[in-house]
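Asker: So you can see what is in the structure, the chains are spelled out below.
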Amino acid sequence: MPIKVENLSKIFGKKTKEATRLLDEGYSKEDILEKTGCTVGVNRATFEVEEGEVFVIMGLSGSGKSTLVRLLNRLIEPTEGSVEIDGQNLATMNKEDLREIRRTKMSMVFQRFALFPFRSVRENAEFGLEIQGMEKEERSQKAEEALELVGLGGYVEQLPSQLSGGMQQRVGLARALANDPEVLLMDEAFSALDPLIRKDMQDELLDLQEKMQKTIVFITHDLDEALRIGDRIALMKDGSIVQIGSPEEILTNPANDYVEKFVEDVDRSKVLTAEHIMKRPETVDYDKHGPRVALERMREQGLSSIFVTDRSRNLKGYVTADEARQARESGIEKLSEIMKTEVPTVDKDTQIQDIFNIIHDSPVPVAVTEDGKLRGIIVRGAVIAALADGNEVDADDA
Amino acid sequence: MLDNIPQIPVAEWIDDGVDNITDWFSFIFNPIQDGFGWLLDTSAEYLAMVPPFIIIILVALIAFFLSGKKFGLAAFSIVGLIFIHNQELWEQLMFTFTLVFYASLISVIVGIPFGILMSKSNIAQNIITPVLDFMQTMPAFVYLIPAVAFFGIGMVPGVFASFVFATPPVVRFTNLGIRQVSDELVEASDAFGTTGSQKLFKVELPMAKTTIMAGVNQTVMLSLSMVVIASMIGAPGLGRDVLSALQRAEAGTGFVAGFGIVILAIIIDRFTQSLNKGK
Chain C
1 MPIKVENLSK IFGKKTKEAT RLLDEGYSKE DILEKTGCTV GVNRATFEVE
51 EGEVFVIMGL SGSGKSTLVR LLNRLIEPTE GSVEIDGQNL ATMNKEDLRE
101 IRRTKMSMVF QRFALFPFRS VRENAEFGLE IQGMEKEERS QKAEEALELV
151 GLGGYVEQLP SQLSGGMQQR VGLARALAND PEVLLMDEAF SALDPLIRKD
201 MQDELLDLQE KMQKTIVFIT HDLDEALRIG DRIALMKDGS IVQIGSPEEI
251 LTNPANDYVE KFVEDVDRSK VLTAEHIMKR PETVDYDKHG PRVALERMRE
301 QGLSSIFVTD RSRNLKGYVT ADEARQARES GIEKLSEIMK TEVPTVDKDT
351 QIQDIFNIIH DSPVPVAVTE DGKLRGIIVR GAVIAALADG NEVDADDA
Chain E
1 MLDNIPQIPV AEWIDDGVDN ITDWFSFIFN PIQDGFGWLL DTSAEYLAMV
51 PPFIIIILVA LIAFFLSGKK FGLAAFSIVG LIFIHNQELW EQLMFTFTLV
101 FYASLISVIV GIPFGILMSK SNIAQNIITP VLDFMQTMPA FVYLIPAVAF
151 FGIGMVPGVF ASFVFATPPV VRFTNLGIRQ VSDELVEASD AFGTTGSQKL
201 FKVELPMAKT TIMAGVNQTV MLSLSMVVIA SMIGAPGLGR DVLSALQRAE
251 AGTGFVAGFG IVILAIIIDR FTQSLNKGK
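Respectively, the protein sequence lines represent chains C and E. So the first sequence is numbered by full-length UniProt numbering: it starts at 1 and just counts up by one. So the second sequence is numbered by full-length UniProt numbering: it starts at 1 and just counts up by one.
Simulated from the structure, these hints should not be mistaken for laboratory data.
Across the chosen pairs, the derived CB separations fall in these ranges: (1) C:252 - E:197: 49 to 57 Å; (2) E:120 - C:180: 30 to 38 Å; (3) C:30 - E:139: 50 to 58 Å; (4) E:105 - C:137: 34 to 42 Å; (5) E:50 - C:112: 47 to 55 Å; (6) E:70 - C:207: 43 to 51 Å; (7) E:197 - C:141: 23 to 31 Å.
Even glycine gets a Cβ: it sits at the ideal position worked out from N, Cα and C.
Input sequences plus hints: build the corresponding full structure.
Answerer: Structure below.
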């Protein structure tokens, strides 16, 4: 467990003791502000981040998410609670140990990039290594590798001001990656970028994550972004975490009105996956069954085609009713001789918007598979129904 | 009613204070007066021994490259310096320059650390700020009096008075420059695990450089103005010509020496400013 956070609180102000007591007694943020003049930044946050997970903390501005991420590397001193990283409690450790953790185990990417304007791109990427006292040649090489990774190999000698916003944030990312940290803290890392660049950066982060398998804590106020990149999402309101769950859980099962309001106008097509709209498939087994059985099943279900699998439900192809009838008349016994093997297939995690194009051109329903095994089928109507279901946003967007 | 309050003998107290300091610290003041006085004299004399045309060419070359290979400042330097030489003020110019150079060097060397201290500690800032205000608002002439008590007459007390008068800007600007470094950059530095001195030298001072250099420029210009005043306590240089012209009511001589100061001021000002612009 790379990060384990327990009862982590931050109260800004002078009378933190009294405010903590009131908080424990269940007073609200407003009451505490009125009684003590203290602001509750983060209210007893408890969560764990798995290794290699993209953990998104999302909330509106003022919800305490930026404070929370700064408590994780103690840029802000916690009032209470613990942050465990590899079994060490960051909240209570001495300055030297904390510095060591910051140097080797966690790096941060900032909203407005926080690049050093007087340093070249390479020197920026080198910063963390330079701080550790690494030799110039070695750190230059590592920095260039990191820059290569984010696609900035050709810009090492430029100054940050010569780059576009998206490229500057790539430098920020390279600077964080050059240290080869276990944990990446990304504070609204893409929020300052314009929407198209932001999408690119999200994709790129996901690609990188595929290769690197870092533990990422990603802060954002943008639900679309959270749903896109998060393995799990923690929703914050007034300093408290109101729900933690996978994107689907948050969307389909909001913990309270606040979360529901939040997710109400999400573009559902981006979140629902094939798994949500597939139906149980009718199949025939090409080892056991011939054209007769296939025809019979199609007749029963009112289908014009049927998927063919082997005994362990690995998808092999499909046959249409017409071909099955011809085969029966000409006495062909084996389905493998008449079936078509070019099946439109999607993985069970495919998002609906991506299914849309596939199903549009397909004569048969789309097969949903998991590791080659047939899990379900999707008919055209199901996609449209899913998009229409409680989703007026699409119409607005169009 | 106010007349009933007896006069507080502040002046006497300060006199006693200055006397006492002069006595107590004479073991420091005397060697400074001798050693530093020797350094100033020798520097100025050596400088005056260099053929003027070499200095003029050097200054013009530096001006040319500092101003980004433009001819304006270089041309001005050549004409200005030739004018000073023509008016037979060259040796005075060398003395004035030496004084300004050492006075501002000391101001900067002492001022920047104090500025850093102020930026790091609010307590230090609260203590130092009123001291700086005092140093800057007290009429510059007043510093000449204890300066003479401490260091006799000549160049050394001039440098001392100039130090007191000219140091505040570089302290203030250093403090301001470091405090102006954006929170995000400071956070970035902390997040990568910098120690206090790594943060200072790798992030804060480079970020504050422009502001600090603006302070250095101010300090150098104030030193120049003070060095001229310091001729009243026997510091040699262009100021002395102005002073003697004043005493004899010779407007012409006064203005000529004044032009010399103006030319030197412009050259020094443009030089320190273009250092700041960098590339």
